[in-house]
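Number of protein chains: 2
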Amino acid sequence: MSNPLPVRILLGPGPSNVHPRVLRALGMPLIGHLDPEFIALMQDTTKLLREVFQTSNPLTFPISATGSAGMEACFVNLLEPGETAIIGVNGVFGTRMADVAERCGARVVKVEAPWGRVIDPSDIRRALREHPRAKVVAVVHAETSTGAWQPLDEIGQLVHEAGALFVVDAVTSLGGCPVLVDTWHIDACYSGTQKCLSAPPGLSPLTFGPRAVAALRARKTKVQSWYLDLTMIERYWINEERVYHHTAPISMNYALLEALRLVHEEGLEQRWRRHERHHHALRAGLAAIGIELSAQEGHQLWTLNSVHIPEGVDDGAVRRALLDELGIEIGGGLGPLRGKTWRIGLMGESSAEANVLLLLSALERLLPRFGHAVSAGAGVAAAARQLATM
Amino acid sequence: MSNPLPVRILLGPGPSNVHPRVLRALGMPLIGHLDPEFIALMQDTTKLLREVFQTSNPLTFPISATGSAGMEACFVNLLEPGETAIIGVNGVFGTRMADVAERCGARVVKVEAPWGRVIDPSDIRRALREHPRAKVVAVVHAETSTGAWQPLDEIGQLVHEAGALFVVDAVTSLGGCPVLVDTWHIDACYSGTQKCLSAPPGLSPLTFGPRAVAALRARKTKVQSWYLDLTMIERYWINEERVYHHTAPISMNYALLEALRLVHEEGLEQRWRRHERHHHALRAGLAAIGIELSAQEGHQLWTLNSVHIPEGVDDGAVRRALLDELGIEIGGGLGPLRGKTWRIGLMGESSAEANVLLLLSALERLLPRFGHAVSAGAGVAAAARQLATM
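Heads up: the sequence lines are chains D and Z, in that order. Residue numbers are given in this note's numbering: position 282 of the first sequence equals residue 755, and the series is strictly consecutive. Residue numbers are given in this note's numbering: position 358 of the second sequence equals residue 831, and the series is strictly consecutive.
Since the hints were made in silico from the structure, they are not lab data. Just so you know, even glycine gets a beta-carbon here, dropped at the ideal spot from N, CA and C. Take the hints with a grain of salt, since some may be wrong.
Here are the simulated DSSO-like pairs of lysine-lysine, each with C-alpha atoms no more than 27 Å apart in a straight line [said to hold, decoys possible]:
(1) K813/Z - K693/D
(2) K608/D - K695/Z
(3) K695/D - K813/Z
(4) K608/Z - K583/D
(5) K583/Z - K608/Z
(6) K608/D - K583/D
(7) K693/Z - K695/D
(8) K583/Z - K693/D
(9) K695/Z - K695/D
(10) K608/D - K693/D
(11) K695/D - K608/Z
(12) K693/Z - K520/Z
(13) K583/Z - K583/D
(14) K813/D - K583/D
Estimated spans, in silico, between C-beta atoms of each pair [what the hints assert, rightly or not]:
(15) E510/Z - R692/D: 52 to 58 Å
(16) M863/Z - V480/D: 44 to 50 Å
(17) G578/D - R734/Z: 41 to 47 Å
(18) P493/Z - P587/D: 31 to 37 Å
(19) D596/D - K583/Z: 48 to 54 Å
(20) A513/D - T694/Z: 27 to 33 Å
(21) I512/Z - H492/D: 35 to 41 Å
(22) H737/D - N712/Z: 39 to 45 Å
(23) R606/Z - R692/D: 43 to 49 Å
(24) G771/Z - A513/D: 51 to 57 Å
Where chain Z lies over chain D, by a calculated footprint (3+ residues, C-beta under 8 Å) [unchecked claim]:
(25) 645 to 659
(26) 665 to 677
(27) 771 to 783
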């Protein structure tokens, strides 16, 4: 490992760049996990997390591990062996949810869509008719592997009419576009810190609504994961009693709170608009240099732009050149999209006009070397025109 | 929460104080989890972790969550439903191991000892005779809840003669006293970062030996935790392929590597001697002011000193006064020891001569106010005499 570390502009699928105030909070000396000052920090954190989740759920706090542990926390707490979960699968993270639910001993019913497309609510409706006793319906709001943006309100209503619990993966959406937990009838939702919240990876914000809490209370079996058992964790994170469960990651919680303060200071709606604006600028610029988004038209995320790699261009060579020559990270495709797509994140601090212009000019400079002709300045000019309209 | 945060001297059961070099590493800007520079950091980390674990096990890396997740990782990977685990229970963490193993569907055989005493190897021998097909035998090396120090070499031999796997909790010992994974026939061992390694809490160093890896390969069922499934994580952390599993906690890994470098620079043996020396100084000083260690004689940890609260002294009031007036954190007792013991950690950076003298003089100043007569200066003088002999 180099000393000092290189400085990167993080435009991949996460982590995103972190504000200096968050880095400063991260590097503060430690206090104990039962210190009254840390408990005050926990209270501030849960309050601000409810704001970003747009919920009044008391059981809202960060799981002490990354986003995938937040996913696992939802399923291990809500599912018992033999119960049925209907899961939308249209990318890596839907596939992962199905795997996690199966490991809970659940019967998993997959509702599939091609990668890059969204799940059709009528397919969820059909699955609920065929499996009327399904306990959980889970979908991914923002598929980080494909850039697809799943509408949730209609599915939320269907799920509640059927009496099931609605679980949503908001890892790549929370803080970057609307995630309306209460309005959309979401019963359990998790996210990560390293995407649109722009804190380092290591925690997974999670919220459980009253119906999810009731299901938790009605369990017949112990939660299979001790570490993720919300019946114990809530006694530390939420209840006044503050019973020790595990040692909270102190520094990561400093960072998350500071990142949430930045979200609060910017204003959530303002932050959504910022992500929207830079997505449209990037998209216009990319189109001008012959690069098209790969996700379904009308369902393209503001936060994570999945694009087709131009014909004949070497995926790895371009990403390496961006990283080595310019310090810019973008992501490669996952699974069947490997070598076919790039994933360009504009999340949190990384969603900045300067980054849009930089990436476009970097691609304009590099792509001709890799066999993709580009008219110099076309991408940057198109992005600038788009920005002028918004 | 106060702004700025208070500065604390952390002499509780963890977290311990963190060196400024580690805080500086923590606050460095982020790079991606697949960045070649991060992969180089992973390689440096696994190398230094093998050194502190005194092992050549290839499968050695930090789990992306706190120590209790390291515990859970051992059991979910090694146990399948219906298998038998023999578990030493003589405090909170042995009790927790039994709970975690039961949640894996294992049949748990508890080998008990009173809290504060160590597990008798002959009790393990008897349990192994009664349960000859036991797959796992697990004990806690350093019981953070009682201050008891469990000898491991004899139990390790017994376990291997019986063909079982030896699992050890080294959360409060790794880096502060000898943990000889290969010599002691330990098959799986986990720790935390926030104790004697003096990094912040948030990661759990773990090592799996060849017999544990063979058991993992021979599983008939999937590991019940996706997040902790070593068959997948090793493809990211250990194997050349570096397949994405979850987003590694970048900043926490910066901090851990810097903390491991500090251990390496000090020298492991030297570090053990430092912990030994300060333990003996504290112990002599405490005895001089009428405070006795509570763990079994001859089995008292250097790293975590559990002491009897003097008769009539109010537990909470003294700890609050230490924290509020002097910024010193010590820990209270857990479970049946609540209100009866204090837990004084001298771990990692916190194991310093200055902290021994400070805590003794603080207790000399405070205890008379709470009804425990102390001859002024007696504790500090006794500690100084002890230090002069070592």
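For each hint, the structure was consulted:
1. With a CA separation close to 35 Å, the supplied pair K813/Z and K693/D exceeds the 27 Å bound.
2. Annotation: proposed proximity of K608/D to K695/Z holds, straight-line Cα distance about 23 Å (limit 27 Å).
3. The straight-line distance between the Cα atoms of K695/D and K813/Z is roughly 31 Å, outside the 27 Å bound, and the hint therefore fails.
4. Between K608/Z and K583/D the alpha-carbon distance is near 36 Å, which puts this suggested pair outside the 27 Å criterion.
5. Proposed proximity of K583/Z and K608/Z is supported: the alpha carbons are some 14 Å apart, at most 27 Å.
6. With a C-alpha separation of about 14 Å, the suggested pairing of K608/D with K583/D holds against the 27 Å cut-off.
7. Of the supplied pair hints, the one linking K693/Z and K695/D holds, its CA atoms being roughly 23 Å apart against a limit of 27 Å.
8. Distance hint between K583/Z and K693/D is fulfilled; the C-alpha atoms sit about 24 Å from each other, no more than 27 Å.
9. In summary, the hint linking K695/Z to K695/D is supported, as the alpha carbons are separated by about 19 Å, within the 27 Å threshold.
10. With a C-alpha separation of about 14 Å, the suggested pair K608/D and K693/D falls inside the 27 Å cut-off, and the hint holds.
11. Proximity of K695/D to K608/Z is assessed by CA-CA distance (about 23 Å); at most 27 Å being required, the pair is judged to hold.
12. Restraint check: the Cα-Cα separation between K693/Z and K520/Z comes to about 31 Å, which exceeds 27 Å; the hinted pair is violated.
13. The straight-line distance between the Cα atoms of K583/Z and K583/D is roughly 41 Å, outside the 27 Å bound, and the hint therefore fails.
14. Taking the CA atoms of K813/D and K583/D, the gap is near 25 Å; set against the 27 Å cutoff, the hint holds.
15. In this structure the supplied range 52 to 58 Å is violated for E510/Z paired with R692/D, their Cβ-Cβ distance being about 44 Å.
16. In this structure the supplied range 44 to 50 Å holds for M863/Z paired with V480/D, their Cβ-Cβ distance being about 46 Å.
17. At about 43 Å, the CB distance of G578/D to R734/Z agrees with the hint of 41 to 47 Å.
18. Separated by about 52 Å at the C-beta atoms, P493/Z and P587/D break the suggested range of 31 to 37 Å.
19. Here the CB-CB span from D596/D to K583/Z is close to 49 Å, well matched to the stated 48 to 54 Å.
20. The beta-carbon spacing between A513/D and T694/Z, approximately 44 Å, falls outside the hinted interval of 27 to 33 Å.
21. Range check, I512/Z to H492/D: about 26 Å between beta-carbon atoms, so the 35 to 41 Å window is missed.
22. A hinted range of 39 to 45 Å for the beta carbons of H737/D and N712/Z is consistent with their spacing of about 42 Å.
23. The hinted window of 43 to 49 Å between R606/Z and R692/D is violated, with their beta carbons roughly 31 Å apart.
24. Separation of G771/Z from A513/D is about 42 Å and departs from the stated range, judged on CB atoms against 51 to 57 Å.
25. Here the segment 645 to 659 of chain D counts 0 residues with a CB under 8 Å from a CB of chain Z, which misses the bar of 3, and the coverage is violated.
26. With 5 residues having a beta carbon nearer than 8 Å to a beta carbon of chain Z, the segment 665 to 677 of chain D meets the requirement of three or more and the stated coverage holds.
27. With a cut-off of 8 Å between beta carbons, the segment 771 to 783 of chain D has 0 residues touching chain Z; three or more are needed, and the interface restraint is violated.
Consistency note: the structure conflicts with the earlier hints numbered 1, 3, 4, 12, 13, 15, 18, 20, 21, 23, 24, 25, 27.
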